[in-house]
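Using the sequences and the accompanying hints, generate a full structural model.
2 protein chains.
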Amino acid sequence: MLPIQISKRARLTPASPIRRLAGLARQAKQNGKKVYHLNIGQPDVHTPVEFFAGIKEYDSQVVEYETSEGNHLLREAWSNYMERSLGIAVPPQSFLITTGASEALIFTFMITCDPGDEILIFDPTYANYIGFAAISGVDLIPVMTTIENGFGLPPLEQIQSQLTSRTRAILACNPNNPTGTVYSKEEIAGLLDLCNRNNIFLVVDEAYREFVYDGLTPYSVLELDPSNERIIVVDSLSKRFSLCGARIGALITPNQRVLSTGLSIAQARLAAPTIDQWAAAYMLNHISDEYSKVTTKEYEERRDRLFSRLSKIPGVEAFKPRGAFYTVARLPVAHAEDFAKFLLNDFDDNGETVFVAPASGFYQTKERGNDEIRLASVLSSQHLERAMEILEGALWEYKEIVGQ
Amino acid sequence: MLPIQISKRARLTPASPIRRLAGLARQAKQNGKKVYHLNIGQPDVHTPVEFFAGIKEYDSQVVEYETSEGNHLLREAWSNYMERSLGIAVPPQSFLITTGASEALIFTFMITCDPGDEILIFDPTYANYIGFAAISGVDLIPVMTTIENGFGLPPLEQIQSQLTSRTRAILACNPNNPTGTVYSKEEIAGLLDLCNRNNIFLVVDEAYREFVYDGLTPYSVLELDPSNERIIVVDSLSKRFSLCGARIGALITPNQRVLSTGLSIAQARLAAPTIDQWAAAYMLNHISDEYSKVTTKEYEERRDRLFSRLSKIPGVEAFKPRGAFYTVARLPVAHAEDFAKFLLNDFDDNGETVFVAPASGFYQTKERGNDEIRLASVLSSQHLERAMEILEGALWEYKEIVGQ
Chain A
1 MLPIQISKRA
11 RLTPASPIRR
21 LAGLARQAKQ
31 NGKKVYHLNI
41 GQPDVHTPVE
51 FFAGIKEYDS
61 QVVEYETSEG
71 NHLLREAWSN
81 YMERSLGIAV
91 PPQSFLITTG
101 ASEALIFTFM
111 ITCDPGDEIL
121 IFDPTYANYI
131 GFAAISGVDL
141 IPVMTTIENG
151 FGLPPLEQIQ
161 SQLTSRTRAI
171 LACNPNNPTG
181 TVYSKEEIAG
191 LLDLCNRNNI
201 FLVVDEAYRE
211 FVYDGLTPYS
221 VLELDPSNER
231 IIVVDSLSKR
241 FSLCGARIGA
251 LITPNQRVLS
261 TGLSIAQARL
271 AAPTIDQWAA
281 AYMLNHISDE
291 YSKVTTKEYE
301 ERRDRLFSRL
311 SKIPGVEAFK
321 PRGAFYTVAR
331 LPVAHAEDFA
341 KFLLNDFDDN
351 GETVFVAPAS
361 GFYQTKERGN
371 DEIRLASVLS
381 SQHLERAMEI
391 LEGALWEYKE
401 IVGQ
Chain B
405 MLPIQISKRA
415 RLTPASPIRR
425 LAGLARQAKQ
435 NGKKVYHLNI
445 GQPDVHTPVE
455 FFAGIKEYDS
465 QVVEYETSEG
475 NHLLREAWSN
485 YMERSLGIAV
495 PPQSFLITTG
505 ASEALIFTFM
515 ITCDPGDEIL
525 IFDPTYANYI
535 GFAAISGVDL
545 IPVMTTIENG
555 FGLPPLEQIQ
565 SQLTSRTRAI
575 LACNPNNPTG
585 TVYSKEEIAG
595 LLDLCNRNNI
605 FLVVDEAYRE
615 FVYDGLTPYS
625 VLELDPSNER
635 IIVVDSLSKR
645 FSLCGARIGA
655 LITPNQRVLS
665 TGLSIAQARL
675 AAPTIDQWAA
685 AYMLNHISDE
695 YSKVTTKEYE
705 ERRDRLFSRL
715 SKIPGVEAFK
725 PRGAFYTVAR
735 LPVAHAEDFA
745 KFLLNDFDDN
755 GETVFVAPAS
765 GFYQTKERGN
775 DEIRLASVLS
785 SQHLERAMEI
795 LEGALWEYKE
805 IVGQ
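Protein chains in written order, with the numbering used here: chain A, 1 to 404; chain B, 405 to 808.
What the hints contain is simulated information worked out from the structure, not anything from laboratory work.
Mixed in with the good hints there might be a few duds.
[Claimed, not checked] Only pairs whose alpha carbons sit at most 20 Å apart, straight line, appear in this in silico EDC-like list of lysine to aspartate or glutamate: (1) B/460 - A/59; (2) A/8 - B/543; (3) B/433 - A/64; (4) A/56 - B/461; (5) B/412 - A/139; (6) B/437 - B/742; (7) B/697 - B/708; (8) B/438 - B/793; (9) A/8 - B/633; (10) B/438 - A/64; (11) A/56 - B/454; (12) B/433 - B/448; (13) A/293 - A/214; (14) A/33 - A/349; (15) A/56 - B/463; (16) A/185 - A/214; (17) A/56 - B/468; (18) B/460 - A/57.
[Stated by the list, open to error] Where chain A lies over chain B, by a calculated footprint (3+ residues, C-beta under 8 Å): (19) 407 to 418; (20) 505 to 519; (21) 596 to 606; (22) 636 to 650; (23) 668 to 681.
[What the hints assert, rightly or not] Here are the computed distance ranges between Cβ atoms for each label pair: (24) B/742 - A/288: 46 to 56 Å; (25) B/718 - A/166: 52 to 62 Å; (26) B/570 - A/366: 25 to 35 Å; (27) A/214 - B/448: 50 to 60 Å; (28) B/629 - A/5: 12 to 22 Å; (29) A/214 - B/603: 58 to 68 Å; (30) A/185 - B/603: 50 to 60 Å; (31) B/660 - A/312: 39 to 49 Å; (32) A/366 - B/553: 50 to 60 Å; (33) A/216 - B/464: 30 to 40 Å; (34) A/365 - B/664: 19 to 29 Å; (35) A/216 - B/448: 47 to 57 Å; (36) A/285 - B/603: 49 to 59 Å.
Only a predicted model underlies this, so the values are computations on that prediction, with no experimental measurement involved.
Backbone N, C-alpha and C fix where the C-beta goes; we use that ideal spot for every residue, glycine too.
As structure tokens, this is what we get:
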């Protein structure tokens with residue numbers, strides 16, 4: 001019989017560059033190697049005890065569906081958290097709770113675009129945007145940013161020149177994954193102005209909002225114009241509270257039609273997980289602001305240690321990020337993906353190796369980023385330094401083998 | 405300024421017929437009414453204690469991402485559960501764990517179809533299939549089934565005649581939501597044969613697999629041909645174990661390409677909830693088969709009590725379902741949706757009323773089901789009988805008001 005056909009969109013959905021080498025890492029561990037995971041933004045910082053206390057407080061005998069828009073206690077708690085942390089009033093009704101920021105992004109692609117419509121992104125970009133675009137039939141239009149320029153935004157005129165009649169939104173991740181770049185309030189205001197003039201959405205993925213360093217103050221695009229119906233914020237508790245596995249995100253917007261059509265889509269998938277929402281609400285209502293401060297300080301120190309050691313490796317071009325916990329570095333190799341595989345398959349330093357994400361998967365533009373990797377500084381400073389030591393050793397050995 | 409445009413697909417995604425009157429129900433409760441919820445398949449049966457024990461057993465200090473394909477303990481436990489309950493060996497590698505069956509269905513729509521492709525469904529159908537079709541750009545082709553015929557499958561020739569060059573799958577929910585109809589093994593084998601001959605997928609949503617009555621034996625389409633790459637099973641723990649809020653579903657198939665492209669899509673959304681998966685695995689490994697038996701018996705008794713009382717209401721046409729916990733009934737009213745609103749807004753019997761789902765939202769065919777409702781027998785037999793008493797009284801009063 002003929003093999004049965006898979007859809008084109010499924011075939012075009014790329015495997016995650018963060019996760020697609022996971023099999024090799026598993027194999028390396030089975031072979032007895034210790035693997036430092038710098039490939040994925042999975043923090044080792046402890047989840048707040050208040051979350052686990054919330055889990056214990058859940059005492060229903062039936063794990064029922066939550067409402068499609070999300071637990072009302074969580075929406076209120078999140079609204080209060082934004083007031084507390086940013087000084088802005090965003091009413092609970094503006095929150096649509098989602099299964100991770102991932103689902104908020106999928107909803108946003110579905111709500112803002114029909115198939116064939118376009119969203120402008122900044123290249124390199126969060127790899128999963130490329131996956132969301134594939135399943136939703138959206139064309140991502142890459143606006144180039146470069147390591148030489150600290151991955152900062154290009155001039156507005158250049159961005160404007162890439163808009164077409166099919167452009168429905170500009171999507172920015174701020175602080176940025178994968179680059180760690182923090183866009184200034186002025187840069188974001190410029191983007192908002194551009195979106196206003198062209199009547200398109202400005203979507204800002206603020207999953208890393210609190211993680212800004214060098215004395216920078218966290219802010220949200222919502223501060224600029226709280227009732228602007230062109231603004232959609234994608235938010236998440238995953239990184240902020242080391243809660244990746246709880247899958248709690250939110251789509252936040254003052255736009256009533258986005259919220260109401262988003263609710264219809266949300267109703268089709270019924271609800272986000274009940275107990276996690278309950279515990280997250282409990283956590284937000286009981287946690288002290290200290291957690292965020294301590295965590296941010298910890299990540300800043302890690303960033304310092306990672307960058308300082310990384311930038312000493314001969315031939316490596318690195319950029320010192322001011323936010324999130326990633327950085328994109330250029331290596332003295334032609335194909336960073338081959339090098340990443342070499343690290344897992346063929347190299348060890350005293351039984352230890354490093355798992356890095358090839359950066360090419362973070363580029364929408366073909367043939368870019370082939371010599372770059374993304375590093376996540378989600379391990380202790382000591383482990384990060386050790387990982388950089390391993391990376392340097394591997395580069396020397398790799399150079400000898402491939403003769404570069 | 406011009407209002408900003410929402411995508412056509414978002415505007416076309418219908419609000420859930422199960423949930424869209426939820427605001428009126430809230431209002432009724434605020435006005436002091438007691439509302440019997442027959443609108444939604446939210447069981448009141450207790451979640452197994454083994455699930456809560458699993459939640460307590462989770463002792464990681466960081467709630468990390470699960471793997472994209474799902475917790476390996478859960479995949480093994482689910483595979484063992486199928487072996488135990490059905491006597492078939494489905495390897496853990498054939499399971500892709502999803503955030504509820506909802507997500508498994510969304511993945512299935514994305515994997516089997518490109519926009520403009522068609523899936524055959526049986527009308528009336530699970531309402532959320534209509535929502536999934538809207539967001540994925542899939543055209544649902546309704547094959548009519550009727551209350552007079554117990555919502556059974558029409559002859560295969562009739563189904564065959566509705567296939568086109570764009571048909572990619574036949575999707576059947578068995579036991580059926582919203583009708584409670586159980587398709588026989590012969591009927592499903594007929595569908596599989598049709599799919600084989602036309603090289604299209606047979607997707608069977610088996611969320612209610614265990615809930616069959618009158619001495620029927622639960623079975624899965626996978627028993628018919630375990631290695632047939634045209635079979636995709638959508639499964640769920642939600643109803644079987646009163647775990648709706650845990651959001652644990654699975655896409656199960658022997659088709660490696662469906663699994664690998666499904667994994668790429670799954671990677672884009674990262675993972676399903678960690679703690680719920682962990683607890684579900686623990687539950688499946690520790691629960692006795694008694695839970696399922698007792699629960700099925702309870703639902704059978706409820707079905708009996710609901711049907712017996714419902715069929716005595718003058719003018720009501722009802723069908724006695726043999727599975728799941730729904731039934732579609734025809735009422736002596738022109739617009740069941742107006743009547744459903746009347747129940748919540750304008751009627752009470754000693755301060756009590758009933759929330760039913762208008763059936764029109766379960767029909768892909770326009771103008772069908774306008775005089776029908778879907779009832780979920782998810783409350784105790786006593787409450788179900790009381791709800792039917794209220795329904796009868798409301799029908800009398802409504803008749804007087806609208807003069808039918």
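Hints, verified against the model:
Taking the CA atoms of residue 460 of chain B and residue 59 of chain A, the gap is about 12 Å. The hint holds against a cut of 20 Å. Under the criterion of a C-alpha separation no larger than 20 Å, the hint pairing residue 8 of chain A with residue 543 of chain B is consistent with the structure, at around 16 Å. For the proposed pair residue 433 of chain B and residue 64 of chain A, the alpha carbon gap of about 19 Å is at most 20 Å, so the pair holds. Pair hint residue 56 of chain A plus residue 461 of chain B holds up; C-alpha atoms about 11 Å apart against a cutoff of 20 Å.
Taken as a hint, the residue 412 of chain B and residue 139 of chain A pair is honoured in the structure, with Cα atoms around 16 Å apart against an allowance of 20 Å. Using a Cα cut-off of 20 Å, the hinted pair residue 437 of chain B and residue 742 of chain B holds, with the two alpha carbons roughly 19 Å apart. Note on residue 697 of chain B and residue 708 of chain B: the hinted pairing holds, with a Cα-Cα distance of about 17 Å set against a maximum of 20 Å. Distance check on the hinted pair: residue 438 of chain B and residue 793 of chain B sit about 14 Å apart at the alpha-carbon level, within 20 Å; holds.
Between residue 8 of chain A and residue 633 of chain B the CA atoms are separated by roughly 18 Å; this keeps the pair inside 20 Å, and the hint holds. Taking the CA atoms of residue 438 of chain B and residue 64 of chain A, the gap is near 19 Å; set against the 20 Å cutoff, the hint holds. For the given pair, residue 56 of chain A sits about 15 Å from residue 454 of chain B by alpha-carbon distance, which is consistent with the 20 Å threshold. Under the criterion of a C-alpha separation no larger than 20 Å, the hint pairing residue 433 of chain B with residue 448 of chain B is consistent with the structure, at around 19 Å.
At most 20 Å may separate the alpha-carbon atoms for a hinted pair to count; residue 293 of chain A and residue 214 of chain A meet this at roughly 13 Å. Between residue 33 of chain A and residue 349 of chain A the alpha-carbon distance is near 9 Å, which keeps this suggested pair within the 20 Å criterion. Straight-line distance between C-alpha atoms of residue 56 of chain A and residue 463 of chain B comes to about 12 Å, which keeps the hinted pair within the 20 Å bound. About 15 Å separates the Cα atoms of residue 185 of chain A and residue 214 of chain A, which keeps this hinted pair within 20 Å; it holds.
For the proposed pair residue 56 of chain A and residue 468 of chain B, the alpha carbon gap of about 18 Å is at most 20 Å, so the pair holds. Between the alpha carbons of residue 460 of chain B and residue 57 of chain A the distance comes to roughly 11 Å, so the proposed pair stays at or under 20 Å and holds. For the segment 407 to 418 of chain B, the stated coverage by chain A is satisfied: 11 residues place a CB nearer than 8 Å to a CB of that chain, which reaches the threshold of 3. As drawn, the segment 505 to 519 of chain B meets chain A at 9 residues by the rule of a beta-carbon pair under 8 Å; at three or more, the given contact holds.
Residues of the segment 596 to 606 of chain B with a Cβ under 8 Å from some Cβ of chain A number 4, which satisfies the need for three, so the listed coverage holds. With 5 residues having a Cβ less than 8 Å from any Cβ of chain A, the segment 636 to 650 of chain B passes the three-residue criterion, so the hint holds. Coverage of the segment 668 to 681 of chain B by chain A holds [criterion: at least 3 residues with CB-CB distance below 8 Å; count 12]. Evaluation of the 46 to 56 Å hint for residue 742 of chain B and residue 288 of chain A yields a pass: the beta carbon distance comes to about 52 Å.
Checked against the hint of 52 to 62 Å, the pair residue 718 of chain B and residue 166 of chain A passes, with Cβ atoms roughly 58 Å apart. Range check, residue 570 of chain B to residue 366 of chain A: Cβ separation about 31 Å, and the 25 to 35 Å hint holds. Range check, residue 214 of chain A to residue 448 of chain B: Cβ separation about 55 Å, and the 50 to 60 Å hint holds. Range check, residue 629 of chain B to residue 5 of chain A: about 19 Å between beta-carbon atoms, so the 12 to 22 Å window is met.
Against the hinted window of 58 to 68 Å, the Cβ-Cβ separation of residue 214 of chain A and residue 603 of chain B comes to about 60 Å, which satisfies the hint. Between residue 185 of chain A and residue 603 of chain B the CB atoms are about 56 Å apart, so this pair conforms to the stated range of 50 to 60 Å. As the Cβ distance of residue 660 of chain B to residue 312 of chain A is approximately 45 Å, the hint placing it in 39 to 49 Å holds. Distance hint check for residue 366 of chain A and residue 553 of chain B: the Cβ-Cβ separation is about 55 Å, which falls inside the suggested range of 50 to 60 Å.
Hint check: residue 216 of chain A to residue 464 of chain B, Cβ distance near 32 Å, so the stated range 30 to 40 Å holds. In this structure, residue 365 of chain A and residue 664 of chain B meet the distance hint of 19 to 29 Å, their C-beta atoms being roughly 26 Å apart. Remark: the range hint 47 to 57 Å for residue 216 of chain A to residue 448 of chain B is upheld by a beta-carbon distance near 51 Å. For residue 285 of chain A paired with residue 603 of chain B, a C-beta distance near 55 Å keeps the hint of 49 to 59 Å intact.
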